[in-house]
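The task is simple: from the sequences and hints, build the whole structure.
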Amino acid sequence: MTTAHDLGQPLMTPLTPLAVADPGGLIQSVDWVAVAPPLIAALAALAVLVTDLFLPEARKRLLGWLSAAGLLAALAALLPLALGDTRSTFCFKSPGGGCSYTADHFALAFQLLALGGALLTVLLSLHTVEAEKLPGGEYWFLLLSSACGAALLPASRDLATLVIALEVATLPAFALVGLRRDGRGAESALKFFLSSVNATAVMLLGVSFVYAAAGTIQLQGVADGLAQAPGRLKPLAEAGAVLTLVGFAFKTAAVPFHFWVPDTYVGAPLPVAGYLSVVGKAAGLSGLALVTTLALRPYGHTWGLVLAVLAALTMTFGNAAALRQRTDTPHGAVRLLAWSSVGQAGYLLVPLAAAGYAGSAEPLGATVAYALIYGLVNLGAFGVVALVGGSGRLDGFRGLAGRNRWAAFGLAFFLLCLAGLPPGVVGLFGKVVVFRSAVDAGLGWLAVVMAVNVVVALAYYLKWTALLFAPSAGEGVAEGDAGHRTPAPLGAALGLAAVGAVVLSVAPQLVLQVVSGSLF
Amino acid sequence: MNAVLIALLALPLLGAALTLAPIGDRQALRLGTAVTGATLLLAVVLAAGFDQDDPSRMQAVTDVPWIPALDVRLHLGVDGISLPLLVLTALLTFLCALYSVKKLPAGPGGRAFTGLLLLLQTGMLATFAVLDLVLFFLAFEIVLVPMYFLIARWGSGQKVAAANRFILYTLLGSAVMLLGFLLIGVKAGTFDMVKLADAHGSGLSHTTQLVAALAILVGLAVKAPAWPLHSWLPDAHTAAPTAGSVLLAGVMLKMGTYGLVRVLLPVVPDGTATFAPYLGAFAAVGIVYGSLACLALARKGAKGDLKRLIAYSSVGHMGFVLLGIASLTPTGLNGALFANVAHGLITGLLFFVVGAVKDRYGTADLDTLAGTTGAALYGRAPRIGALLAFAAVASLGLPGLAGFWGELLAMYGAFDPAAGLSRPAFVTYMALAGLGTLLTAAYLLVVVKRVCMGDPEQPAPVADLPDLKGYEAASWTPLAALTLLAGLWPALLLGLSDPAVKHLLGGG
Chain S
1 MTTAHDLGQP LMTPLTPLAV ADPGGLIQSV DWVAVAPPLI AALAALAVLV TDLFLPEARK
61 RLLGWLSAAG LLAALAALLP LALGDTRSTF CFKSPGGGCS YTADHFALAF QLLALGGALL
121 TVLLSLHTVE AEKLPGGEYW FLLLSSACGA ALLPASRDLA TLVIALEVAT LPAFALVGLR
181 RDGRGAESAL KFFLSSVNAT AVMLLGVSFV YAAAGTIQLQ GVADGLAQAP GRLKPLAEAG
241 AVLTLVGFAF KTAAVPFHFW VPDTYVGAPL PVAGYLSVVG KAAGLSGLAL VTTLALRPYG
301 HTWGLVLAVL AALTMTFGNA AALRQRTDTP HGAVRLLAWS SVGQAGYLLV PLAAAGYAGS
361 AEPLGATVAY ALIYGLVNLG AFGVVALVGG SGRLDGFRGL AGRNRWAAFG LAFFLLCLAG
421 LPPGVVGLFG KVVVFRSAVD AGLGWLAVVM AVNVVVALAY YLKWTALLFA PSAGEGVAEG
481 DAGHRTPAPL GAALGLAAVG AVVLSVAPQL VLQVVSGSLF
Chain A
1 MNAVLIALLA LPLLGAALTL APIGDRQALR LGTAVTGATL LLAVVLAAGF DQDDPSRMQA
61 VTDVPWIPAL DVRLHLGVDG ISLPLLVLTA LLTFLCALYS VKKLPAGPGG RAFTGLLLLL
121 QTGMLATFAV LDLVLFFLAF EIVLVPMYFL IARWGSGQKV AAANRFILYT LLGSAVMLLG
181 FLLIGVKAGT FDMVKLADAH GSGLSHTTQL VAALAILVGL AVKAPAWPLH SWLPDAHTAA
241 PTAGSVLLAG VMLKMGTYGL VRVLLPVVPD GTATFAPYLG AFAAVGIVYG SLACLALARK
301 GAKGDLKRLI AYSSVGHMGF VLLGIASLTP TGLNGALFAN VAHGLITGLL FFVVGAVKDR
361 YGTADLDTLA GTTGAALYGR APRIGALLAF AAVASLGLPG LAGFWGELLA MYGAFDPAAG
421 LSRPAFVTYM ALAGLGTLLT AAYLLVVVKR VCMGDPEQPA PVADLPDLKG YEAASWTPLA
481 ALTLLAGLWP ALLLGLSDPA VKHLLGGG
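The listed protein sequences correspond, in order, to chains S and A. Note that the working numbering gives residue 94 to position 94 of the first sequence, counting from 1, and the numbers run on in steps of one. Note that the working numbering gives residue 54 to position 54 of the second sequence, counting from 1, and the numbers run on in steps of one.
Just so you know, the hints here were simulated from the structure itself, not pulled from any lab data. A couple of the hints might just be wrong.
[Unchecked claim] Here are the simulated SDA-like pairs of lysine to any residue, each with C-alpha atoms no more than 25 angstroms apart in a straight line: (1) A:Lys187 <-> S:Ser516; (2) S:Lys463 <-> A:Gln158; (3) A:Lys102 <-> A:Val87; (4) A:Lys502 <-> A:Asp192; (5) A:Lys187 <-> S:His301; (6) S:Lys463 <-> A:Ser156; (7) A:Lys103 <-> S:Ala470; (8) A:Lys469 <-> A:Thr363; (9) S:Lys234 <-> S:Ala201; (10) A:Lys103 <-> S:Gly402; (11) A:Lys187 <-> S:Val448; (12) S:Lys463 <-> A:Gly109; (13) A:Lys195 <-> A:Val218; (14) A:Lys187 <-> S:Ala361; (15) A:Lys187 <-> S:Val449; (16) A:Lys103 <-> A:Asp464; (17) S:Lys463 <-> A:Pro105; (18) S:Lys463 <-> A:Val160; (19) A:Lys187 <-> S:Ser518; (20) A:Lys103 <-> S:Phe469; (21) A:Lys103 <-> A:Ala473; (22) A:Lys502 <-> A:Thr190; (23) A:Lys187 <-> S:Leu519; (24) S:Lys463 <-> A:Pro108; (25) A:Lys187 <-> S:Trp445; (26) S:Lys463 <-> A:Gly157; (27) S:Lys463 <-> S:Val448; (28) A:Lys187 <-> S:Leu305; (29) S:Lys463 <-> A:Gly107; (30) S:Lys463 <-> A:Arg165; (31) A:Lys469 <-> A:Glu457; (32) A:Lys103 <-> A:Ala17; (33) A:Lys103 <-> S:Ser516; (34) A:Lys102 <-> S:Pro471; (35) S:Lys463 <-> A:Ala17.
[Claimed, not checked] One side only, chain S facing chain A, incomplete, derived with CB under 10 angstroms: (36) Gly424; (37) Leu428; (38) Gly444; (39) Ala451; (40) Val456.
Bear in mind the structure is a predicted one, so any value in this text is a computation, not a measurement. Glycine included, each C-beta is placed from N, C-alpha and C at the ideal position.
Next comes the structure, spelled out in structure tokens:
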């Protein structure tokens with residue numbers, strides 16, 4: 001309006017200084033408690049960046065602990081939210097406006113995963129940053145920023161916030177991957193960057209189509225808008241939905257958008273690879289869940305089928321590729337975990353597909369529970385790989401039980417959890433709830449495909465587990481850890497993951513309660 | 001809450017956890033014997049406290065919620081069907097532990113062995129004690145990892161390949177079985193086996209029953225194993241160490257048939273009735289196939305492995321169990337359950353004896369053992385020879401020994417199958433099973449002839465052949481005595497199983 005005045009045009013109508021009738025309605029009140037978890041992570045990131053300027057080189061180690069403290073505070077901020085009622089903020093007061101940020105159970109569970117995963121990553125990284133001489137300030141800043149994005153994402157309830165949060169989560173990750181200053185790091189960062197930026201572009205296009213068809217970016221509003229959209233807008237809306245899904249499929253590394261995963265993981269510092277496999281995936285997954293079950297609800301059967309096919313392909317390809325890993329490939333351990341994470345992403349997609357078929361968000365609880373379990377044990381597995389170090393060949397793990405008994409037990413336990421075989425009881429129940437969601441929604445064929453995949457996956461998890469307890473190679477080419485002690489933070493992270501997994505194995509109810517409760 | 005049954009499951013688990021502590025190998029083995037001994041004692045206490053007048057009622061029941069989100073409860077209990085199997089499991093594990101103290105198979109040491117053995121026992125006991133479908137599945141899975149390592153690390157021959165095949169095969173089976181369980185759980189709204197059995201399939205549509213029954217049947221048939229899903233078994237038994245073979249054949253195969261009786265029959269009766277003729281057909285083929293395979297292995301010049309032969313004989317014997325179950329009659333089911341226990345005793349004994357022969361000769365190759373005239377165990381090691389012959393005739397079903405009653409009743413059940421099943425088909429199966437008993441007798445007698453008889457003076461692969469040792473006698477005689485007892489006094493077991501079976505079939 002003001003520009004019109006500046007141009008000096010004559011006033012044809014009585015002065016209307018503002019475009020809306022009720023200007024007070026635009027002023028949003030902010031519920032600081034609700035936004036505290038991502039906010040604290042962001043503030044910690046800034047604090048680290050600033051502190052870095054004033055710290056002498058010798059004391060850069062403090063930055064890592066500062067990050068850990070920041071994440072702990074952010075995790076603590078989840079507590080009042082979890083105990084109280086659902087809180088929403090950034091709400092539009094206009095009728096049917098909705099809110100842009102909601103801290104419901106779904107959001108809290110994924111925030112727990114993002115922040116907890118980031119905390120474990122920090123503990124794993126403390127040693128790596130020193131050993132590989134990574135630039136401390138940047139590393140911690142980027143990690144915290146990404147965690148902030150990943151924590152913001154599950155709470156976003158409009159498409160714009162969603163896309164921005166996703167970018168906040170992934171942009172720092174490119175830099176994190178490339179921080180290792182050798183050719184491999186740069187190559188993997190570039191690969192990651194190019195595929196991810198493509199995905200973002202495609203997704204933005206899709207989002208704009210959806211916006212055009214529905215007339216709003218509020219997720220709830222989109223669902224209503226799409227349901228009432230005129231027939232001629234339908235092709236546009238459907239194209240938008242598909243493109244949006246493709247974008248998120250990239251982020252979750254679903255087949256056929258998975259090619260970047262192994263090279264990126266191998267090139268990245270190990271804790272970052274672990275972080276990407278857990279928090280990065282969780283971010284993509286939570287976004288996908290929000291867009292599908294909330295915004296695209298009217299097209300449930302369509303995306304349900306698409307996701308079911310995607311899930312079947314993802315788990316099959318991921319597991320087949322993991323099965324083909326040879327024990328003497330350099331970085332075989334990380335490659336195996338990378339492919340296994342692709343396979344696991346397939347399992348995570350199953351309840352999403354079931355939600356499409358069931359027409360409700362209820363099956364999502366299985367995804368949430370499985371993601372929490374997977375995140376914990378997968379980070380544990382990455383941690384042991386980081387501890388063992390060396391060339392990262394699977395052969396380097398031969399006879400680990402003889403050299404470092406507890407590391408071998410830990411890795412065996414994590415792998416069996418991933419495989420879903422007792423004594424990894426929690427992994428087993430994670431799979432049980434996923435199976436149940438599929439059976440419940442009538443997706444019997446997907447359940448059968450998944451059952452076969454679980455067996456295929458067991459073959460390689462078990463091969464690795466058996467390697468740990470095999471007699472050492474004749475020449476005693478003990479790699480990596482032989483001789484020196486476990487760094488304290490790394491030990492703490494592993495202990496935390498192992499204790500968590502054991503406790504959850506004894507009392508699975510702790511994590512499985514999200515299956516029965518209401519999420520949104 | 002029943003402390004005895006809980007302690008029965010907790011004790012081995014605790015023992016397994018104890019082996020994580022830094023203790024010596026010998027101490028660990030003794031710990032294993034002590035723990036399995038105490039477990040056996042508990043099992044005996046449980047049996048003594050069992051109300052024999054009402055074996056169809058679940059006794060020693062514990063029922064507390066464990067995972068409310070999934071509606072999974074820690075529901076434990078025993079009745080006349082599970083009690084004999086629990087005692088058998090406790091007994092066989094104890095005997096294996098006792099045997100292993102003196103005769104630990106070559107491998108990474110006694111501590112890990114004991115830990116795995118105890119974990120295995122936990123899973124096996126839990127399978128027979130739990131009354132919740134999800135827990136049943138969990139118990140089914142618990143046994144896999146310990147048995148995998150027992151075969152892969154303490155076995156012989158192609159042990160890693162055999163272990164892989166064992167675990168992948170059975171896991172595929174149990175994953176399919178889980179799908180069936182979940183389908184039932186979702187449709188019926190509970191995983192509680194007692195409630196589901198009491199409902200007797202009401203509330204489950206015919207289609208649901210068919211799909212669920214097929215999934216569960218396939219999963220359990222892999223474990224049992226039913227022909228043609230048996231191909232993991234010969235390799236696993238051949239490669240496994242003695243203790244592993246004994247437990248595999250003696251207990252783990254029973255987990256499959258127990259599941260058929262406990263879950264499939266009462267929970268999805270319509271589905272079971274539909275598939276029973278096929279199960280019966282596969283069982284009959286399995287009986288004949290197993291015997292023919294054994295006959296081929298027992299031939300001169302066939303390079304047959306004695307352990308492999310007993311493994312194939314298990315396929316045949318489990319065929320009788322499956323046939324009895326498929327008849328869906330109380331007679332057939334009683335026979336099946338009796339044959340289950342009898343096979344556990346007899347085959348356990350056979351694997352012990354053959355394992356000892358293999359240890360002495362360094363091979364179980366029948367041709368190498370027998371030489372030109374026969375291994376002449378009667379002459380060179382008469383007690384071992386006598387025990388082998390005893391186990392062999394028990395296995396071929398000599399009246400008066402345990403092997404007889406189960407197979408007779410199973411065939412009798414097939415002769416007069418439940419209403420609705422095709423009589424001519426089942427009579428054919430019975431005839432095939434009868435042929436199987438003849439073939440079984442043939443190959444076992446050939447084995448006895450080639451191993452026990454012969455010229456003691458002929459040049460033998462090993463010069464020095466010690467006869468039965470003290471620890472061997474200690475771990476084998478209970479099995480031989482029980483084989484005799486069960487053969488002479490079948491009412492001991494049948495009295496327990498009969499009311500429970502009738503209850504499950506919906507009659508009582």
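The hints, checked one at a time:
Simply put, A:Lys187 and S:Ser516 have alpha-carbon atoms about 17 angstroms apart, close enough for the 25 angstroms limit, and the pair holds. At roughly 15 angstroms between alpha-carbon atoms, S:Lys463 and A:Gln158 fall within 25 angstroms of each other, so this suggested pair holds. Using a Cα cut-off of 25 angstroms, the hinted pair A:Lys102 and A:Val87 holds, with the two alpha carbons roughly 24 angstroms apart. Between the alpha carbons of A:Lys502 and A:Asp192 the distance comes to roughly 20 angstroms, so the proposed pair stays at or under 25 angstroms and holds.
A C-alpha spacing of about 22 angstroms is found between A:Lys187 and S:His301, which places the hinted pair at or below 25 angstroms, so the restraint holds. Proximity of S:Lys463 to A:Ser156 is assessed by CA-CA distance (about 18 angstroms); at most 25 angstroms being required, the pair is judged to hold. Annotation: proposed proximity of A:Lys103 to S:Ala470 holds, straight-line Cα distance about 22 angstroms (limit 25 angstroms). As the CA atoms of A:Lys469 and A:Thr363 are separated by approximately 19 angstroms, the hinted pair is consistent with the 25 angstroms bound.
Simply put, S:Lys234 and S:Ala201 have alpha-carbon atoms about 22 angstroms apart, close enough for the 25 angstroms limit, and the pair holds. Between A:Lys103 and S:Gly402, the direct Cα distance comes to roughly 24 angstroms. Compliance with the 25 angstroms bound is thereby established for this hinted pair. Straight-line distance between C-alpha atoms of A:Lys187 and S:Val448 comes to about 18 angstroms, which keeps the hinted pair within the 25 angstroms bound. Between S:Lys463 and A:Gly109, the direct Cα distance comes to roughly 21 angstroms. Compliance with the 25 angstroms bound is thereby established for this hinted pair.
Taking the CA atoms of A:Lys195 and A:Val218, the gap is near 23 angstroms; set against the 25 angstroms cutoff, the hint holds. At roughly 19 angstroms between alpha-carbon atoms, A:Lys187 and S:Ala361 fall within 25 angstroms of each other, so this suggested pair holds. A C-alpha spacing of about 21 angstroms is found between A:Lys187 and S:Val449, which places the hinted pair at or below 25 angstroms, so the restraint holds. The straight-line distance between the Cα atoms of A:Lys103 and A:Asp464 is roughly 18 angstroms, inside the 25 angstroms bound, and the hint therefore holds.
For a cut-off of 25 angstroms, the pair hint linking S:Lys463 to A:Pro105 stands: about 22 angstroms separates their Cα positions. Straight-line distance between C-alpha atoms of S:Lys463 and A:Val160 comes to about 10 angstroms, which keeps the hinted pair within the 25 angstroms bound. Of the supplied pair hints, the one linking A:Lys187 and S:Ser518 holds, its CA atoms being roughly 21 angstroms apart against a limit of 25 angstroms. For the hint linking A:Lys103 to S:Phe469, the alpha-carbon distance of about 22 angstroms falls within 25 angstroms, and the restraint holds.
Of the pairs offered as hints, the one joining A:Lys103 and A:Ala473 holds, with about 13 angstroms between alpha carbons and a cut-off of 25 angstroms not exceeded. With a C-alpha separation of about 23 angstroms, the suggested pair A:Lys502 and A:Thr190 falls inside the 25 angstroms cut-off, and the hint holds. About 23 angstroms separates the Cα atoms of A:Lys187 and S:Leu519, which keeps this hinted pair within 25 angstroms; it holds. For the hint pairing S:Lys463 with A:Pro108, the CA-to-CA distance comes to about 18 angstroms; that is within 25 angstroms, so the pair holds.
Distance restraint check for A:Lys187 and S:Trp445: the Cα-Cα separation of roughly 17 angstroms lies within the 25 angstroms cut-off, and the hinted pair is therefore satisfied. Restraint check for S:Lys463 and A:Gly157: satisfied, since their Cα atoms lie roughly 18 angstroms apart, inside the 25 angstroms limit. Restraint check for S:Lys463 and S:Val448: satisfied, since their Cα atoms lie roughly 23 angstroms apart, inside the 25 angstroms limit. Taken as a hint, the A:Lys187 and S:Leu305 pair is honoured in the structure, with Cα atoms around 23 angstroms apart against an allowance of 25 angstroms.
Straight-line distance between C-alpha atoms of S:Lys463 and A:Gly107 comes to about 18 angstroms, which keeps the hinted pair within the 25 angstroms bound. Proximity of S:Lys463 to A:Arg165 is assessed by CA-CA distance (about 12 angstroms); at most 25 angstroms being required, the pair is judged to hold. Proposed proximity of A:Lys469 and A:Glu457 is supported: the alpha carbons are some 23 angstroms apart, at most 25 angstroms. Restraint check: the Cα-Cα separation between A:Lys103 and A:Ala17 comes to about 23 angstroms, which is no more than 25 angstroms; the hinted pair holds.
In summary, the hint linking A:Lys103 to S:Ser516 is not supported, as the alpha carbons are separated by about 51 angstroms, beyond the 25 angstroms threshold. With a C-alpha separation of about 24 angstroms, the suggested pair A:Lys102 and S:Pro471 falls inside the 25 angstroms cut-off, and the hint holds. Our distance criterion of 25 angstroms between C-alpha atoms is met by S:Lys463 and A:Ala17, whose separation comes to about 24 angstroms. For S:Gly424, the interface hint holds, since its Cβ comes within 10 angstroms of a Cβ in chain A; the closest pair sits about 9 angstroms apart.
The closest approach between the C-beta of S:Leu428 and any C-beta of chain A is roughly 6 angstroms, which is under the 10 angstroms cut-off, so the hint is satisfied. A least Cβ separation of about 7 angstroms between S:Gly444 and chain A falls short of the 10 angstroms threshold, and the interface hint therefore holds. With 10 angstroms as the threshold, the beta carbon of S:Ala451 comes within range of chain A, its nearest partner Cβ sitting at about 4 angstroms, so the hint holds. Hint on S:Val456 holds. Least Cβ distance to chain A is approximately 9 angstroms, under the 10 angstroms limit.
When the structure is compared with the earlier hints, a violation turns up for hint 33 alone.
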